[in-house]
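Peer 1: Each chain, written out:
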Amino acid sequence: MARFIKKVSAKAGLPPGTLVHIGERMAEKVAVTLIDYDSDHIEEREIIDVNECLPFKDTSTISWINVAGLHDTELVESLGSCFGLHPLHLEDILNTGGRPKIEDYDDYILVVLKMLYLTDDSDEIAAEHLSLVIGKNYVISFQEEYGDVFDRVRKLIRNGKGRIKREGADYLAYLLIDAVVDNYFNVMETVGEAIEDMEEVVMGRPGRETIHVIHKLKSDLIFLRKSIHPLREVISDLERGESDLIRQTTEVHFRDVYDHVIQVMDTLDTYRDILSNMMDAYLSSLSNRMNEIVKVLTIFSTIFIPLTFLAGVYGMNFRYLPELRWHWAYPVFWLVSIALAGMMLAVFKKKKWL
Amino acid sequence: MARFIKKVSAKAGLPPGTLVHIGERMAEKVAVTLIDYDSDHIEEREIIDVNECLPFKDTSTISWINVAGLHDTELVESLGSCFGLHPLHLEDILNTGGRPKIEDYDDYILVVLKMLYLTDDSDEIAAEHLSLVIGKNYVISFQEEYGDVFDRVRKLIRNGKGRIKREGADYLAYLLIDAVVDNYFNVMETVGEAIEDMEEVVMGRPGRETIHVIHKLKSDLIFLRKSIHPLREVISDLERGESDLIRQTTEVHFRDVYDHVIQVMDTLDTYRDILSNMMDAYLSSLSNRMNEIVKVLTIFSTIFIPLTFLAGVYGMNFRYLPELRWHWAYPVFWLVSIALAGMMLAVFKKKKWL
Amino acid sequence: MARFIKKVSAKAGLPPGTLVHIGERMAEKVAVTLIDYDSDHIEEREIIDVNECLPFKDTSTISWINVAGLHDTELVESLGSCFGLHPLHLEDILNTGGRPKIEDYDDYILVVLKMLYLTDDSDEIAAEHLSLVIGKNYVISFQEEYGDVFDRVRKLIRNGKGRIKREGADYLAYLLIDAVVDNYFNVMETVGEAIEDMEEVVMGRPGRETIHVIHKLKSDLIFLRKSIHPLREVISDLERGESDLIRQTTEVHFRDVYDHVIQVMDTLDTYRDILSNMMDAYLSSLSNRMNEIVKVLTIFSTIFIPLTFLAGVYGMNFRYLPELRWHWAYPVFWLVSIALAGMMLAVFKKKKWL
Amino acid sequence: MARFIKKVSAKAGLPPGTLVHIGERMAEKVAVTLIDYDSDHIEEREIIDVNECLPFKDTSTISWINVAGLHDTELVESLGSCFGLHPLHLEDILNTGGRPKIEDYDDYILVVLKMLYLTDDSDEIAAEHLSLVIGKNYVISFQEEYGDVFDRVRKLIRNGKGRIKREGADYLAYLLIDAVVDNYFNVMETVGEAIEDMEEVVMGRPGRETIHVIHKLKSDLIFLRKSIHPLREVISDLERGESDLIRQTTEVHFRDVYDHVIQVMDTLDTYRDILSNMMDAYLSSLSNRMNEIVKVLTIFSTIFIPLTFLAGVYGMNFRYLPELRWHWAYPVFWLVSIALAGMMLAVFKKKKWL
Amino acid sequence: MARFIKKVSAKAGLPPGTLVHIGERMAEKVAVTLIDYDSDHIEEREIIDVNECLPFKDTSTISWINVAGLHDTELVESLGSCFGLHPLHLEDILNTGGRPKIEDYDDYILVVLKMLYLTDDSDEIAAEHLSLVIGKNYVISFQEEYGDVFDRVRKLIRNGKGRIKREGADYLAYLLIDAVVDNYFNVMETVGEAIEDMEEVVMGRPGRETIHVIHKLKSDLIFLRKSIHPLREVISDLERGESDLIRQTTEVHFRDVYDHVIQVMDTLDTYRDILSNMMDAYLSSLSNRMNEIVKVLTIFSTIFIPLTFLAGVYGMNFRYLPELRWHWAYPVFWLVSIALAGMMLAVFKKKKWL
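If you read the protein sequences in the order shown, they are chains U, D, C, V and F.
Take 3 as the starting number for the first sequence in the numbering used here and just add one per residue.
Take 3 as the starting number for the second sequence in the numbering used here and just add one per residue.
Take 3 as the starting number for the third sequence in the numbering used here and just add one per residue.
Take 3 as the starting number for the fourth sequence in the numbering used here and just add one per residue.
Take 3 as the starting number for the fifth sequence in the numbering used here and just add one per residue.
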C-alpha cells in the first residue's frame with residue numbers, strides 16, 4: 003500500500019514555490035550526464051558543475067541532460083534557473099507523488115510521467131517519477147534513479163542508427179517517452195500471466211490464499227491505472243501538436259505512442275473485467291463448497307440421528323418394555339435401521355444431493 | 003486466457019520502427035494473391051516476387067493484393083516500401099496484439115481490425131488480426147491465415163455481379179470490411195444460443211459446473227468487446243468521409259457497416275446484462291439451496307435431539323428411578339415422543355419450513 | 003430469451019444489398035392497403051399489384067401505404083424501386099433484428115422503430131419491427147403483422163377530425179410514431195404493476211420462485227431498453243428538423259413525442275433501480291432466513307447435547323459409579339438438567355437470539 | 003410503489019391533443035384565484051368564470067392566476083384558449099405522470115415541475131404536479147391541490163415587501179419556483195435524519211426489519227431522484243436566459259435556484275452512497291452474526307459429541323468389557339472427558355473462536 | 003453522520019435574500035482582522051466597526067479582511083453593503099451547508115470552498131465553510147472559526163518574502179486557496195494511513211469490528227468527495243481566466259492549484275477502489291471462515307455420529323442380542339470404530355478438508 007501514499011507532511015506550511023523533494027531517496031548520489039549530438043558529432047560526459055550545461059542551451063546541436071536522483075534540490079534549482087524553468091514546474095519535478103501532466107510554457111514543454119518496473123524480487127510493481135523538459139534544442143530528463151530503460155536510446159544515438167541524428171529535440175523526447183511506454187507492455191505481460199495463472203486456480207481448486215492473490219492483482223491494477231491513466235491526456239496534447247516545439251513529422255510518432263497508451267488502458271480495463279469475473283466465480287465457488295460441506299453434514303445427521311434415537315429407546319431400562327423380550331427384535335431392529343437409512347438415501351438421491 | 007495476452011517480450015529493447023511479428027505463426031507459408039479488375043477485365047494470380055505488384059500501384063484498374071501470413075517480415079517490408087507505407091504502420095500490421103485503429107496518411111488509409119471466428123472444436127472464440135491499406139486504385143489486405151470470409155467478395159468480382167466493377171477501391175474496401183462485420187453476427191448468434199441454453203439451466207437445476215460456463219461466457223463477452231469496441235470509432239471515421247479516398251457514394255455504405263457495428267455492440271451490452279442477471283439468479287439459487295439443506299438438518303435435529311435425550315434419561319442406571327417401574331411407562335414414552343415430534347412439525351408448518 | 007436473438011444465418015455469405023427477410027413469418031399473407039386523402043376527399047383500398055401505388059407518389063394528396071407482412075421480399079423490392087428506395091434501406095426494412103434508426107436520404111426519410119405489445123397470454127413482452135418511409139406526399143409503413151395500433155390514426159383520417167387533413171405527410175408520420183410511443187406506456191404500466199406486486203411479496207414472505215419472477219422482470223427491462231433506447235436519438239433527429247421534409251409546425255409535435263420517449267426511458271431507469279433495490283432486499287431476506295434457521299438448530303443443539311451427554315454418563319455400566327446408588331440422584335439430575343437448559347436460554351435471551 | 007406509476011390507460015387510443023386528466027383527483031373542487039398587482043395597487047379575488055381572466059392578459063400589471071385542482075379539463079381548456087396555450091402543453095399540464103420540462107413557445111414559457119411534501123402521517127414522500135405558464139405580464143400556476151408552499155409568496159405580494167412589486171412576471175415565477183425548491187430541502191432533511199437514525203441501528207444491533215427500512219429509504223431516494231433530476235436542465239435553461247421573457251436581472255436569481263437544485267442532487271448522490279455503504283455493512287453484519295451462531299453450535303458439538311460417544315461406549319452391554327470392572331474407571335472417565343473438553347477449548351482459543 | 007446534514011429548517015418559509023446563518027456557531031465572537039499592504043508598507047489591525055473597512059475598498063494597496071465567525075448576520079450584511087455584495091451571495095456566505103461554487107459578478111468574484119481539518123481527537127474529518135470575495139484591490143475571507151491554515155500567508159506578507167508584495171489581490175486569493183488545498187493533502191495522508199492499517203488487518207485476521215472501520219473510512223471518503231469535488235470546476239473557472247480580476251501571470255498559479263485538486267480527486271478515487279477491493283476481500287474472508295467452521299463441525303459430526311449409533315446399538319437391552327456374549331466383541335467394536343473414523347478422515351483428506 004505504501005506506494006499509494008507519499009508523505010507530504012515535509013511540505014506542510016511552506017509557501018508555494020519552496021522546493022522540497024517528496025519521496026524516498028533512491029540514488030546514493032545525484033548523477034548528471036550530458037549527451038550532445040548532431041548529424042556530424044557526438045559528445046558524452048558526466049556533469050560535475052551544473053553551469054557546464056549552460057553553453058549547450060542555445061547551440062544548434064541537440065543536448066540531452068539526464069539527472070538521476072532528485073534529493074539534491076539545490077542542483078535542480080540551479081539547473082532550473084539556467085534553463086529558465088518556472089519554480090512551480092521545479093516543484094512538479096521534485097514531487098514524486100505528483101501525477102502525469104503536461105505544461106506548455108513559454109519556451110519549453112514539461113512532461114511528467116511514471117516509469118514502471120518490477121522490483122527485484124519481481125513481485126511488486128513500482129513506479130518511478132520521470133520529468134522531461136523539452137526545449138528547442140535540448141531535453142532534460144529527471145529520474146529518481148539511474149535505470150536502463152533509456153539504454154536503447156543511448157545506443158541509437160551512439161550508433162547513429164535510425165533517423166535520430168537528423169531529427170530534433172522533439173524526436174529525442176519521443177524516443178524517451180516511447181521507451182517508457184514500451185516498458186509498460188512488459189509490466190502488463192507479467193500481470194497478465196499472473197492473472198492467467200489465477201484463472202486456472204479459481205476454475206480448479208481455489209484455496210484460502212486465493213483471495214489474497216486476487217486482492218493483490220486488483221491492487222496492482224489500481225496502481226497501474228493511477229500511474230498510466232493521466233498519461234493519455236498528456237500524450238494526446240503532444241500528438242495534437244499545439245506547441246511549436248513539436249514538429250509535424252514527429253506528430254505521427256506521438257500518435258503511435260498515444261495508440262500504445264490507449265492499448266495499455268484497454269488491456270487494464272480488460273484485466274479488471276477478467277478479475278471481477280474471477281471474483282464472482284471465486285465467491286460462488288465458496289458458496290458451492292459450503293453447500294457441499296453442509297450437505298455431507300445433513301446427510302449423515304438425518305440418517306443417523308433417528309437411528310440413534312431408536313437405539314436409545316431400546317437401551318431404556320423400563321421394566322415393562324415388551325420388544326426387549328421378543329426373539330427377533332434385534333434382527334428386526336437392524337432391518338428397520340437399514341430400511342430407514344435406505345429411504346433417506348433414496349430421498350437424497352432424488353433431491354440430487356448425492 | 004492466452005488470447006488476451008500477446009507476448010511482446012520479443013520486441014523489448016528494440017527501437018521503434020523495427021519490424022517484428024508479434025503473435026503465433028498461423029500459416030505455413032505466406033501466400034500473396036492479386037486480383038486486378040475494372041469493368042472490362044479481370045486478372046487473378048499468385049504473387050511470388052513482391053516487385054510484381056509494383057506496376058499495379060498506379061494503373062487505373064483496381065488491384066487487390068491479399069497477404070495471408072505475417073511472419074515473413076521482409077516480404078511485408080518490401081511490399082511496404084513498394085507502396086510507400088510508413089514504418090510505424092508496418093509495425094501495426096505485424097503486431098497482432100494491436101487494437102483496431104485507422105490511420106489517414108498521405109495517400110493511403112490504414113484500417114486495422116479483428117476478424118472473429120470459432121475454433122474448429124467450435125467452443126472457443128478466436129480473433130485474427132487483419133489490416134487493410136486503402137489506396138487510390140488498390141487495396142492491400144494482410145491477414146494471419148488464408149480464410150474463407152473474403153470468398154464472397156472474390157465471387158462478386160469474378161461474377162461481375164453487383165456494382166463492384168463500376169466502383170473504386172473504396173467500395174472494395176467496404177466489401178471486405180462488411181464481410182468481416184457480417185461474420186460478427188454469426189459469432190454473436192453462437193454466443194447468444196449458449197446464453198439461452200444457460201438461462202434454462204440456471205432457471206432449472208443449476209449445478210456446480212454452471213458457474214464455469216457462466217464464467218466462460220462472460221470471458222467471451224470481454225474478449226468480443228475488446229476486439230470489436232474500438233472498431234466503432236474506426237468505421238465512424240470512414241463514414242464521415244474525411245478522406246478524399248472515400249467517395250461520397252461509398253459513405254452511405256460505410257454508414258450501413260457502422261450501424262451493424264453499433265448493433266453488435268448493443269447486443270454485447272444486452273448479453274452482458276443478461277449474464278449479470280443470470281449470475282444474480284444463480285447466486286440466490288445457491289443461497290436458496292443452502293437454506294433448504296440447512297432446513298432439513300434443523301428439522302431432523304430439533305425433532306430427534308430432545309427425544310434422544312429423553313431415551314437417554316430412561317437408559318440411566320440410577321437405582322432409584324421411579325418411572326422405570328411404572329407399568330405404562332413405555333407406551334407413555336412413545337406417546338410423549340410422538341406428541342413432541344408432532345408439535346415440532348406443527349411449528350415448522352407454521353413457519354412455512356415444510 | 004429467443005426474443006433477444008434473430009437468426010441471421012440465412013444471410014451468411016450473401017453480398018450486401020441482397021434482400022432476405024430475417025425473422026419469423028408472422029402474417030399469413032402480405033396485405034397492402036392504401037389511404038389517399040386531402041382536405042376534400044378520402045380514398046381507401048386494398049392494393050393487389052404494387053404498380054397501382056405508382057401514380058400516388060407525385061400527387062399533391064397525402065398517400066399512406068401500409069404493408070403488413072415482410073416475408074414477400076419481391077413485393078418489397080418492387081415497391082422500393084417504385085419509390086426509389088436505396089437497397090440498403092430495403093435491407094433495414096426486412097431485417098427484423100435491426101435496431102431503431104433514422105436515415106435521411108435524398109428525397110425521403112427512413113425511420114425504423116419497434117412496436118411493443120403483450121403476447122396474448124399477456125405474460126411476455128414482444129416487439130414488432132416497424133419501418134416508415136416519409137416522402138414529400140406519402141408515407142409507407144412496413145409492419146410484420148396487421149395490428150390495431152394504427153386504428154386510431156385511420157379513424158382520425160376517416161372522421162376528418164383533428165388537423166390531419168390540413169397537414170402534410172410529416173404530420174401523418176408523427177401520428178403513426180405517436181401511436182407507437184403511446185402504446186409503450188401501456189406496456190410500461192403492465193410491467194410497473196408486476197413490479198409493484200413483487201415488491202409486496204419480497205417485503206412479505208418471499209419464496210423460492212421469487213427470484214424467478216425478479217429475473218423475468220429484469221429480463222423484460224433489458225428487452226425494453228434494447229428496443230426503445232435507440233429511438234431517443236431517432237426522434238431527436240426528427241425533432242431538430244434538419245430535413246426539409248419535416249415542417250416547422252410539426253417539429254413541436256415531434257418534440258412532444260421526444261419527451262414521451264425520454265419519460266419511458268426515465269421510467270425504465272427507475273424500474274431498474276427499484277428491481278435492484280428489491281434484489282438486495284431479497285438476498286438479505288435469504289440471509290436473514292438462514293440466520294433464523296441456524297439459530298433454531300443451535301439453540302436446540304446447545305441445550306440438549308450437554309444434557310444427552312449427562313444422561314449418557316449415568317447410563318454407563320461401570321461397577322463403581324457412586325451416584326447411581328444415591329437416593330436423590332434422579333431428581334437432582336433433572337434439577338441440574340433444567341438449570342443448565344435455563345442458563346442456556348438466559349444466555350440466548352441476552353444475545354437476542356430469542 | 004403506487005407513486006411510481008400513473009394509470010395512463012384512460013388515454014389509450016385517444017388522438018394526441020385530447021385533454022384527459024391523468025392522476026387522482028386530489029381537490030374536491032377546482033379553485034381558481036387571481037392576484038393582480040403593480041407597485042401601486044393589489045387586487046385579490048376568486049375566479050368563478052374563466053373569462054374573467056381575459057382582461058388581465060394584456061394589462062401592464064402583473065397577474066398571477068392559480069388553479070388548484072386539475073380534474074376539470076374543460077376549465078383548463080378554456081383557460082388555455084384564453085391565453086393561447088398549445089393543446090400539447092395543456093396535455094402536459096394535465097398529465098400528472100409527466101416529468102419536469104420546459105417549453106419555450108411563442109409568447110409564453112411552460113415550466114413543469116414537481117412539488118414534494120410529506121404525507122400527513124409524515125412517513126411517505128409524495129409529489130404534486132405543478133405547471134407554470136410564464137407570459138409577459140402574467141403567470142398561471144396549475145397545481146393538484148391548494149397547498150401552503152406558495153403562502154410566503156402571497157405574503158410578500160400583500161406586504162409589498164421585497165423587490166417583488168417593482169419586478170415583472172419572471173421574478174414572480176422565480177419566487178414560485180424558489181419556494182418549491184426550498185421546500186425540497188425540508189424533505190431532504192427528513193430523509194437525512196431517517197438515514198442518520200438507521201446508521202446507528204446498523205452499526206449497533208440491526209434486526210430483521212432493518213432491511214425493510216433501508217429498502218424504504220432507497221425507494222424514497224429513487225423517487226426523489228426521478229422527481230428532481232430533470233429539473234436541473236429546466237432551471238439551467240431558464241438561467242441561461244435564452245428567452246426574452248426572462249430579463250437579465252432575474253437570471254442571477256435563477257442561477258441561485260439552479261445552485262440549490264444542484265445541491266439537492268449532490269445530497270441525493272451522497273445519501274445514495276451512504277445507503278449503499280450501510281447496506282454493505284448490514285450484509286456483512288448478517289454474515290458475521292451467522293459466523294457467530296455457527297461457531298457456538300460447532301463449539302458445543304465438537305466438545306460434547308466425542309464425549310457422548312465415550313459415555314455410549316461404557317453404556318454398552320458387552321459381557322466382556324474389562325474397563326467396567328476397574329475400580330477407578332469412573333473418575334478416570336471424568337478426567338478424560340474434562341481433559342478432552344479442555345483441549346478442544348484450547349484449540350478454539352488458539353483459533354480465536356472464543 | 004451529522005456532518006452530512008445542516009439544519010435548514012431555520013430558513014423555512016422566509017423569502018429569498020433573508021440572511022440567516024445556517025450551521026453551528028463555532029466561534030464565541032466574530033473577529034474581523036485587516037491586513038493592508040503594498041510593496042512599501044504593511045498595516046495590520048483588528049476591526050471593531052465594519053465602516054472602518056470602507057476606505058480600504060478603493061485604495062491601490064491590497065487589503066485582506068478576514069471575518070472569523072458567521073453568526074453575526076448584521077455584521078456580514080453591513081460589510082456586504084459596504085462592498086456592494088449581492089444579497090444572494092451573502093446568503094451563500096452564511097449557508098455553511100452550501101457547496102463550493104464560484105460567482106463572477108459585476109466587480110468581484112465570490113469563491114466558496116470547504117476547509118478540511120481533523121477534529122481534536124483526530125478521529126473525525128470535519129469541514130469548515132470558507133468564502134472569498136476577490137475584488138480589484140481587496141480580498142474578504144469569511145470563515146466559521148479563526149484557524150491557523152492562513153498563518154503561512156500572514157507570515158509571507160509580514161516577512162515581505164516571495165512575490166506577494168509585488169502582486170495583486172488575485173495573487174493573495176491564490177495563496178489563500180492554495181493554503182486550503184495544500185491542507186487537503188494532510189487530511190488525505192491521514193486517511194491513507196488508516197486505509198493502509200486496515201489493509202493489513204483485512205489480509206491478516208479481520209474481526210467483527212473490521213467492518214465498522216471500513217464503513218467509517220468509506221463514510222469519510224464520501225464526505226471528502228462531497229466537499230472537494232465541486233471545487234474542481236471552481237478552480238477550473240479561475241484558471242481559465244475569464245474574469246478581468248485574474249491577471250494572466252496568476253493563471254499559471256491557479257493551474258497549479260487545479261492540478262492539486264485533480265490529484266486529490268484522483269487519490270480519492272484510488273482510495274475508493276482500494277476500499278472496495280478490501281471489502282471484497284473481507285466478505286470472502288467471512289465466507290472462508292464460515293466454511294472453515296462448518297468444516298470442523300461436519301468432520302466431528304460425521305465421524306462420531308455413526309460411532310455413537312453403534313455404541314447405542316450395543317447399549318440396547320434386547321434379551322437376544324448375540325454379539326453381547328461374544329468374547330472379542332469389545333475389542334472388535336473398537337477396531338471397527340477406529341477403522342470407520344480412519345476411513346472418514348481419509349475421505350476428508352482426499353476432499354482437502356484437512
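Take these hints with a grain of salt, some might be off.
Ranges between beta-carbon positions, derived for each pair [to be verified]:
{"no.": "1", "chain 1": "V", "residue 1": "G99", "chain 2": "C", "residue 2": "P57", "range": "54 to 60 Å"}
{"no.": "2", "chain 1": "C", "residue 1": "D246", "chain 2": "V", "residue 2": "Y107", "range": "56 to 62 Å"}
{"no.": "3", "chain 1": "C", "residue 1": "D122", "chain 2": "U", "residue 2": "S278", "range": "57 to 63 Å"}
{"no.": "4", "chain 1": "V", "residue 1": "G99", "chain 2": "C", "residue 2": "D122", "range": "26 to 32 Å"}
{"no.": "5", "chain 1": "C", "residue 1": "V203", "chain 2": "F", "residue 2": "V349", "range": "51 to 57 Å"}
{"no.": "6", "chain 1": "C", "residue 1": "L347", "chain 2": "D", "residue 2": "L337", "range": "22 to 28 Å"}
{"no.": "7", "chain 1": "C", "residue 1": "R156", "chain 2": "D", "residue 2": "H43", "range": "46 to 52 Å"}
{"no.": "8", "chain 1": "U", "residue 1": "M345", "chain 2": "C", "residue 2": "D122", "range": "43 to 49 Å"}
If you're looking for bench data, these hints aren't it; they were derived computationally from the structure.
Note that beta-carbon positions come from the ideal geometry of N, C-alpha and C, so glycine has one too.
Peer 1: Against each hint, give a clear statement of whether it holds in the structure.
Peer 2: Going down the list of hints, with the structure as the test:
no., hint, verdict
1, V:G99 to C:P57: 54 to 60 Å, "45 Å, violated"
2, C:D246 to V:Y107: 56 to 62 Å, "23 Å, violated"
3, C:D122 to U:S278: 57 to 63 Å, "41 Å, violated"
4, V:G99 to C:D122: 26 to 32 Å, "27 Å, holds"
5, C:V203 to F:V349: 51 to 57 Å, "42 Å, violated"
6, C:L347 to D:L337: 22 to 28 Å, "26 Å, holds"
7, C:R156 to D:H43: 46 to 52 Å, "57 Å, violated"
8, U:M345 to C:D122: 43 to 49 Å, "46 Å, holds"
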